[in-house]
Structures are given as C-alpha cells and as structure tokens.
Amino acid sequence: MTDTKLKFKAGRPTSLLPVPTHYCPGCGHGVAHRLIAEIVDEWDLRGNVIGMAPVGCAVIAYNYLDIDMCEAAHGRTPEVAVGIKRVRPDKLVFSYQGDGDLAAIGTNEIIHVANRGEPITVIFINNTCYGMTGGQMAPTTLVGQRTSTTPKGRHLIGEGPPLRVCELLSPLERVVYLERRMLTSPKEIRLTKKAIERAFRVQQQGLGFSMVEILSPCPTHWRLPPEQCAAYIEDRLTPVFPVGVIKDTTSAARA
Amino acid sequence: MVTAERVLITGNEAAAEGAVRGGCRFYFGYPITPQNDVPEYMSRRMPEVGGTFLQAESELAAISLCHGAAAAGAVPMTSSSSPGISLKQEGISYLAGCELPALILNVQRGGPGLGDVRCAQGDYWQATRGGGHGDYFCLVLAPYTAQECCDLAVLGMHLAEKWRNPVLLLTDQQVGQMMEPVTLPPLGPEAVGDPDWALTGAAGGRPRHFIHSYCGRPNELVEWNEKLIAKYQRMATEEVRYEAVEADDAELLLVAYGTSARLAKAAVTAARARGHKVGLLRPISLWPFPSGAIAELAGTARKMLVVEMSWGQMVEDVRLAVNGRADVELLNTFGGAVPRLPDIEARIEAMLA
Chain U
1 MTDTKLKFKA GRPTSLLPVP THYCPGCGHG VAHRLIAEIV DEWDLRGNVI GMAPVGCAVI
61 AYNYLDIDMC EAAHGRTPEV AVGIKRVRPD KLVFSYQGDG DLAAIGTNEI IHVANRGEPI
121 TVIFINNTCY GMTGGQMAPT TLVGQRTSTT PKGRHLIGEG PPLRVCELLS PLERVVYLER
181 RMLTSPKEIR LTKKAIERAF RVQQQGLGFS MVEILSPCPT HWRLPPEQCA AYIEDRLTPV
241 FPVGVIKDTT SAARA
Chain Z
256 MVTAERVLIT GNEAAAEGAV RGGCRFYFGY PITPQNDVPE YMSRRMPEVG GTFLQAESEL
316 AAISLCHGAA AAGAVPMTSS SSPGISLKQE GISYLAGCEL PALILNVQRG GPGLGDVRCA
376 QGDYWQATRG GGHGDYFCLV LAPYTAQECC DLAVLGMHLA EKWRNPVLLL TDQQVGQMME
436 PVTLPPLGPE AVGDPDWALT GAAGGRPRHF IHSYCGRPNE LVEWNEKLIA KYQRMATEEV
496 RYEAVEADDA ELLLVAYGTS ARLAKAAVTA ARARGHKVGL LRPISLWPFP SGAIAELAGT
556 ARKMLVVEMS WGQMVEDVRL AVNGRADVEL LNTFGGAVPR LPDIEARIEA MLA
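Chains U and Z, in that order, are what the protein sequence lines are. Residue numbers for the first sequence follow this note's numbering, beginning at 1 and rising by one. Residue numbers for the second sequence follow this note's numbering, beginning at 256 and rising by one.
Treat the hints loosely; a few may be bogus.
Said to hold, decoys possible - Below, computed lysine to any residue pairings styled on SDA-like, alpha-carbon distance capped at 25 Å:
| no. | chain 1 | residue 1 | chain 2 | residue 2 |
| --- | --- | --- | --- | --- |
| 1 | U | 193 | Z | 458 |
| 2 | U | 91 | Z | 462 |
| 3 | U | 91 | Z | 306 |
| 4 | U | 9 | Z | 460 |
| 5 | U | 91 | Z | 310 |
| 6 | Z | 558 | Z | 595 |
No wet-lab data here; the hints were simulated from the structure.
So that you can see chain Z by itself, here it is in the shape it has in the complex (with noise of 0.2 Å):
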C-alpha cells in the first residue's frame, strides 16, 4: 500500500507526481526549459505505475497524442514553456471543442518569442482568454509552492476528468525549478473517461461514438457553443479557488499570484508588523477569476496593489473587478526580472502615506 511521503524535490517534479497520483497514466511532453525535469521525470515514473511515457516530436505532436488518449478515455498530461505552449494552442483549442480532459503544465519563462528561460507571467492573457482559436476557456490553476504543484495537479487531474475541459496549470521559472519540502497524497488509481461518449469501439451493437468539434450543418455551431458556454457559466461559478492573507480588515489589498504570491504575503507579513492593515488575495484559479472576493472586498479595501511579472495583465481583471470602487495600481516586473521585496514594502510605505 502506497501512503503519504514526505520528499524534497521541485515544483516541476511535484507537480508530474501530483498528476500521477491523481490518476495520470499518459503522458506526452517535448523538451523546452524550465520545465525539461517534468518529461524526464516521467520517463521514470510512467513504468513505474503501469503508465506510458512518450517524447513526441514536436509541441503539436504531444497535444495531439493529449487529444487522442483523451478521446480513448484516458486524461493525459503534457508540459512545456511558454513558446511550446504557443504551439500547443491548436490542440487545446480543439480539445475544449471536442470537451476532452487534459492536464497542461505552463512554466513560464520570458517572452515574447524565444525571450529568455528566466521567471516571468506574460502568459497570463494566453492562457485565461482561451489561448487558442474560438469562443472558449481552460480552467487555470496557478500554484505558488511545490506543495501546491503536487496538490493543484491531483486537483487538475479531477476537475479535468469532470469538466471534460483542458485544465491548465501556469506556474512559473522559479515555482517549477526550486526545491521544496512536499507531502504527497496516496496513489490514486488510474483516471478513466466515461465510457458513455469515450471511444472504446462500438461493441454489443452500441450507437457509434464520435468526438469531434466540426459542426457543418445549419445552426450546429450556435447549439454546440450554447452547451459550452453554459458549461463555462457553471465553471465560473463553482471552481472559483483563491487564499485571503489578512484581507478581511485590509486597507490596502495586494493581489498576486505564483512567485510573485511569494513577495507580496513576505511584504504583507512585514507591513503588520509595521502596524499596517494590509493584506493579499490569492488567486489561485485564474480562470475563474476570484473576481466576486475581490468585489467584496473593495468595500474595505479602498486601494489594491497589483504584483505581477508582466507588463500589466492580471491587473486588468483587477480593474474590471473593482469597477471604479478602489484604487488599483500596479508593480510589475518583466523581461525575466522578479520584483524586489523592499520595492514592494516601499509602495506600501507609499500608498499608506
């Protein structure tokens, strides 16, 4: 019997285990750093747990292989970098439009175009807008820890299989290369698609199953939209996930996610220790978006403080949140660089003044 264990190892490899214990046995990935340690790692784990490991030739071709496992009743993983994950778009798109389950793993690094392997979240747009072609969403579960690599994983792994969705995890350079003390969850058994629309061949004279998004005849398209659209409606109210860190008297409110989650609740914990009321939310689904929470907490909080390692992008569903009712600004870093924590404690001191 497999129980919990307790190991050092980085938020790439916790976030592969937490996908294997949460049932994953395919995976298909490509080589592009920060994340090569999540394809190597599974070329161990895979036999070990009965699963299959495949290095496909391109992006293209490990979504591909996503999205026919997917359609045989498996939920497959695969994981890149931000460029990869560019080229990965076709077939996510396709499988939010056959509503197949996958787990997609983003460690972002800089951009745009080949940009640099350093720490960035300019891929925050691409992937809570969709990312690829049409009128869709993935759900996105933004990890900050390696514990919550492992713990986001198992959870993506569920909530794809029950959605019928591509779930994205977006980490981050430094969230998937650093080491971190991690408590595994048991081994789950095997995740497996419903047989009810899964292609298993039609035997003992069942009606055909055929997963497809093409939708040619008249007003196919507007009724095969209207179902996903109603689907995404009951997403973005039940899957809402995100931490509260001394929100619910805060003046100023910081709203951060990944590595920059890390500064802002170090730069939260300094500003109370300074007498400030100060405090973070979280995200940790992106998409859905806590933008409820956010609202709320507006009534309270008359200023909020984006952190973000992009030129500006989360910020703007923090905008859209508020509508007007605080004052939202922003401390991005960019190009690879990490915010400094004493120019996060500095806006503090500043917006406080």
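Here chain U stands alone, though its shape is the one from the complex (with noise of 0.2 Å):
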C-alpha cells in the first residue's frame, strides 16, 4: 500500500547534471554547487544566469552545473565575471571561487570589483587550504594549522594570521552585502540558501556588489573524517570566521 502522507521534496535540480562529480567524499562544493541549483531552478533563471568557474577544485563545475558558464585564470575570476556583466547587464553573474583563488592570487581582484560596486554576486568557498593542489596553506588558513606547506602549523609570525576577507570589503562604501554563512548542518545549509538568494536579489536590483562566503569541510586535506568536520567548522573556524550577516546596506542602496 502506497503511504500518501510521504512526498518527494528533495530530488537533484534540473539544473545540477545528473553526472558524479570528482569531489572529496564529505567535500563542501557539492552542497554549494546544489544550492545554485535549487536557485537557478526555483527562480527559472536558466536562461538569464551566467557563472564563474575559477581555478581550484571547482574548476569544472561547468560538468556538474546545467548553465552558461566561464573560465578564468587563477584569481582573475571577478574581473571576468565583470566583463561578462558589463556586456549582458540584464543576466544574473556569479563567480564561484575558492580561498587561494579569491584570497591570495586574487586579492587585487575582488578589492577593487567590490569597490567599484560591480554588480557582480560572489560565491566564496572558504575551506581554509588549497584542496587542489594538496592541501597547502591558503591565506585562511587557522594560525596552528598544519598544512603541506605549514608541516608544523601556521605561524603567526612570519606567515600572518588568517585573512580575514568579508571584513577586509566591509569597509568599501559600494559592498552591499556580505554574509557569512557555513555548511554544517540542514538547518545552516539553509541559511547558506537564503544568503546566497539574498545576494542574488542585491544584483537583481542593482544596488552593487555582494558576497557570501561559505565556511565549507575539506575533510582531505584536514585529516578528518566528514562526520568531524561539522565540529570542526563550529569549534575552530567560527570563532576566527563569525557566522552572520557582515554587511547589509541593501536598504541605503536602495534609497
């Protein structure tokens, strides 16, 4: 006998292809990557979305998501995603990046797309190393950390504390939204959602640049199994990567 109380409310998006991807098990990006999904698909925004792929461990996510979508060289991915804009000022443009794409070699990049207001929406994954290269040291990564470059841990002298990127754009006078937001649980996993709509809805009404950083498990390259890195996250990247909205002047924007 069929159980009518059960209903089917969660199966992949149209727009996250029905392919293995060549994620880590436990790996943070394919939650991400179905969260865009989910989005592209309730908002029916296929045909007016275009998206970044950086270099990193997403740089195919073009296999695995079901839209226009570009590449860029290492950190160069905002100002990419800024041409594609300022050529189709009517389509929705993301980039997608990781921490050594948009926190070292892209530093440049993404203080001065942020600055000039480009109305641009970031998807930032913060996993606190290079996962595609072998798990060096990114510039998020925790002071202590071990990492391949960091074989005895982060220093704090000589190697820096973590950077610390949403509160680094804060300050700009065109950033309109930055939320922090991490993958730790259903419920967070849903307010990552809700962040990353809220972005796309910072651009959809032009008001300037937005951004939400997602605090994402690389149980790889942290020596972790997957079911410990939702308390590793909470436990020893909250506290130096506050979760929360950084920065919202959507309403002065607005005005």
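Mind docking these for me? Both chains are given alone in their own frames, and the hints should help you get the complex.
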C-alpha cells in the first residue's frame, strides 16, 4: 500500500547535471553547487544566469551546473565576471571562487571589483586550504593549522593570521551585501541558501556588490572523517570567521 | 549618417578610432607610456558610441575584462606597452586557449625590464611566438603609419571575430605618437560574437555554453590542441599580408616593419635614384610571416638587409625563409635608439659594392 503521507521533497535539481563529481567524500562543493542549482530552478534563472568557474577544486563546475559558464585564470575570476556583466547587464552573473583564488592570487581583483560596486555576486568557498593542489596553506589557514606547506602549523609570526575577506571588504562604500555561512547542518545549509538568494536579489536590483562566504569542509586535507568536519567548523573556524550577516546596506543602497 | 573623415591624429588615436569604427564597443585599459592617449581617447570616445570604457586596476584585470567581454559575445580591445603586455600574457594565453576574440595593441618601448619609453622593436619574438604559456599563435599586424594604425585596427577587429583568436597590433613609440593625416572609414556596427557559442544565458532550453581551455580528460587536450593547430595552419595560409616596394627586380632586398620600414622605404627611394636595384619587403602580418614571398624574392635578391630596432629578432625569420639562398645581413639599433637613414644608405652601398 502506498503511504500517501510521504512527499517527494528533495530530488536532484534540474540544473545540477546527473553526473558523478570529482569531489572528495564529505566535500562542501557539491552542497554549494546544489544550492545554486536549486535557486536557478526555483527562480527559473537558466536563461538569465552566467557563472564563473575558478581555478581550484571547482575548476570544472561547468561540468556539473547546467548553465552558461566561463573559466578564468587563477584569481582573475571576478574581473572576467565583470567583463561578462558589462556586456550582458541584464543577466545574473556570479563568480564561484575558493580561498586561494579569491584571497591570495586574486586579492587585487576582488578588492577593486568590490570597491567599484560591480553588480555581480561572489560565492566564496572558504575551506582554509588549497584543496586541488594538495592542501597547502591558504590565506585563510588558521594559526597552528597543519598543511602540506605548514608542516608544523601556520605561524602567526612570518605567515600572519588568517585573512578575513568579508571584514576586509566591509568598509568599502559600494559593497552592499556580505554574509558568512557554513555547511554544517541542514539548518545551516538552508541559511546558506537564503544568503545566496539575498545576494542574488541585491544584484538583480542593481544595488552593488554582493558576496556570500561559505565555510566549507575539506576532510581530505583537514585529515578528519567527514562526520567530524561540522564540529571542526563550529569549534575552530567560527571563532576566527564568525557567521552571520557581515554587512547589509541594501536599504540605503535602494534609497 | 557618419561618413569618412580626414583628420590629423596620432597613430595611437588612429588605432583607437579604427577599433571603434571596426565595431569595438568595449575597451579596458591601464596607463603606461607611450600609449596613454589610447585609454584617454577611449574614455571620451566610448560613451559617444554607446560603448563601455573601464580603467582597470591592473594589466591583468584589463585583459581579464576582455576575457569576460569576449566570452559574452563582444570583441573587446585593450592596449599597453611592452612591460604591460608582458603582464597581459597570462590572459592572452587564456584567450587563445578558450578561442576568444580580442584586439590587443602593443606600442613597443625599450626593454628588457622597465627599459625606457622610447622607440623599440624588442617584443617581436614575444608577439610572434605566442608570448604566454602553451602552444598558440596570435595574429600580429604591424602598422607603419597612422593611417595603417586605423586600417589595421579595423581589420584586426574583423580577424579577431573571424578566427575567434586574439589579434595583436604591434606598433612602436614613434608610430604610436606621431601625428599624421588619416582618412577614417565609416563607423561600423558593434562587433558581436556568434550566439552559437557566446555566453548569453541558456534560454529556451538550449544546451549550456561553457567557455574553457582546461581539458582534464585523457586525450582531451591533445584533441583540443589539434583543433587549435589546424586553425593556426589555416590562418598561416590565409592571413599573410605584406607590401612589396620595387621588389621584383631587386638585387638587394630590405626587410623591415614599423618605424624601421619608414626609414627603409626612404633608403630604397634614395638608392633607386642612384640607379641601384634595391627593394623593400615590408611584412604587414608578422605572424603569419610572409616567408613565401621572401623565399620567392630570394631568387633575384641575392642579398637581404633586415633593418630592425632590436638585437636581431625578425632577422631570424628572414633567414629561415631564405634558407641559405641569400646573404642576410642585419642593421639594427636597440635600447631606444632609432636607425639613421645615412647608416642604412651606407650599408646598402657597402653591400652592393
């Protein structure tokens, strides 16, 4: 007998291609991709969205998201996105970037794109390391965190503290929306989706620059079982990278 | 209706206006001498034609903005001078790898390093051998007058779109900053990339477009390179351009481009007046290089003189073209110095003696 109380709630979004990904078990990229795909589906955005895949673990995000996408040189991702947006201002343009791409080699680009208030949205995946190349130290690596290039842990003296990009961009006048979230539980994942939705709306309304930073698990390079990554993010990452809305001047920008 | 006009402008401004008239509506630049009048000109001109001017925070950003604009279906332009072009090489390699069109102006100055801001042709190898990482070629056009800066910018816009490939306009400080009368062609419509591949949003259920140079699957990059190489081979046969001056019966053939070609041309005129059979082959496309035309002339011209403002770069292509069938000599200056006409004339006399 069919149980009529069961409802099908969580199928694969149409915009997420039915292919296996190359991501490690427990990686956050698949979840983040799915959130974007859900929004594309729910908002019927497929004909009106163009995405940027970065250099890094998400380099072939265009093999997973069934939307128009472009590649960029390492770190240039937001400026390539701006090039697209300037030609197609009516499209929703987002760049999807990791912490090496955005916070190290592309720091110049992200600061100037944000400062100009370019109406693009950045999805910033912060997993505190370079995943693709073998887990080396990223600007976001925690002090004391062991990576393949900080075998004794990152030293405050000489290697500096982790770079907080949201806080760095926050004072810039035309940065309208900054929120940091984490992929640690169904509730937090839903909050992450809401943050992306808000950022996309900021862009659609032409208010200025928007970015969502996502604290994302990297069990491979954290050398942790996937099920322990959520606790690691909450215990170790959030004291350094507090989650929540970092900046929201949408009301002022709208006025 | 905009009709042809005759104006007195610099070679840099002529290249900028030529790009606009060839359909460019997106320009991204960064200040560097001796090409600053290009971004300055475009900052005034682009709004007049409904185009976009953006001064980028770096040369890398400027070429990356071109990358995005081209991916979205425009034929963008950027410009710089030698050290700035070195910075842009990352993006140029990506444009080539992604098969994206763009017009890139290099107003050459002295090098290496910061060098100086005077006339030089030391970027020949960088321009004609790809310049960035990987196996690729840019089409390279070398104007020698302000008029040709304009005309080749129009052509460059067309060729970039036609071949989905970066096109380099290679000039030098004198060609760029000298003012000359220029007849402008009519203002053409905006150059728009093919919607069959450009990023427009996957509307109406069409398959997604993704612009990439990354080829991670086994053999994928081999096949991608084979496709690119086949394109370069077609470009190499179809896009050779040169000017031959008194070349058919020349016993001594000069080969020069840009500012060097202006001097070489004057030297040819003077030598002919003295009764010498001297001619000039002026490559207009540096890649593809007019090797066939030079090889053919090597039957008559047993001697060749390459005039260039570098330690000797284009001379290697001339030697490859003649393959030992003519004596090839080099008259060169470097470090910001320009050849003197009397020195070229004296060398011609010495070679014919």
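Each hint tested on the structure:
1. For the given pair, residue 193 of chain U sits about 24 Å from residue 458 of chain Z by alpha-carbon distance, which is consistent with the 25 Å threshold.
2. Of the pairs offered as hints, the one joining residue 91 of chain U and residue 462 of chain Z holds, with about 17 Å between alpha carbons and a cut-off of 25 Å not exceeded.
3. In summary, the hint linking residue 91 of chain U to residue 306 of chain Z is supported, as the alpha carbons are separated by about 18 Å, within the 25 Å threshold.
4. For the hint pairing residue 9 of chain U with residue 460 of chain Z, the CA-to-CA distance comes to about 24 Å; that is within 25 Å, so the pair holds.
5. Between residue 91 of chain U and residue 310 of chain Z, the direct Cα distance comes to roughly 22 Å. Compliance with the 25 Å bound is thereby established for this hinted pair.
6. Proposed proximity of residue 558 of chain Z and residue 595 of chain Z is supported: the alpha carbons are some 21 Å apart, at most 25 Å.
Checked against the numbered hints listed earlier, the structure breaks none of them; every hint is satisfied.
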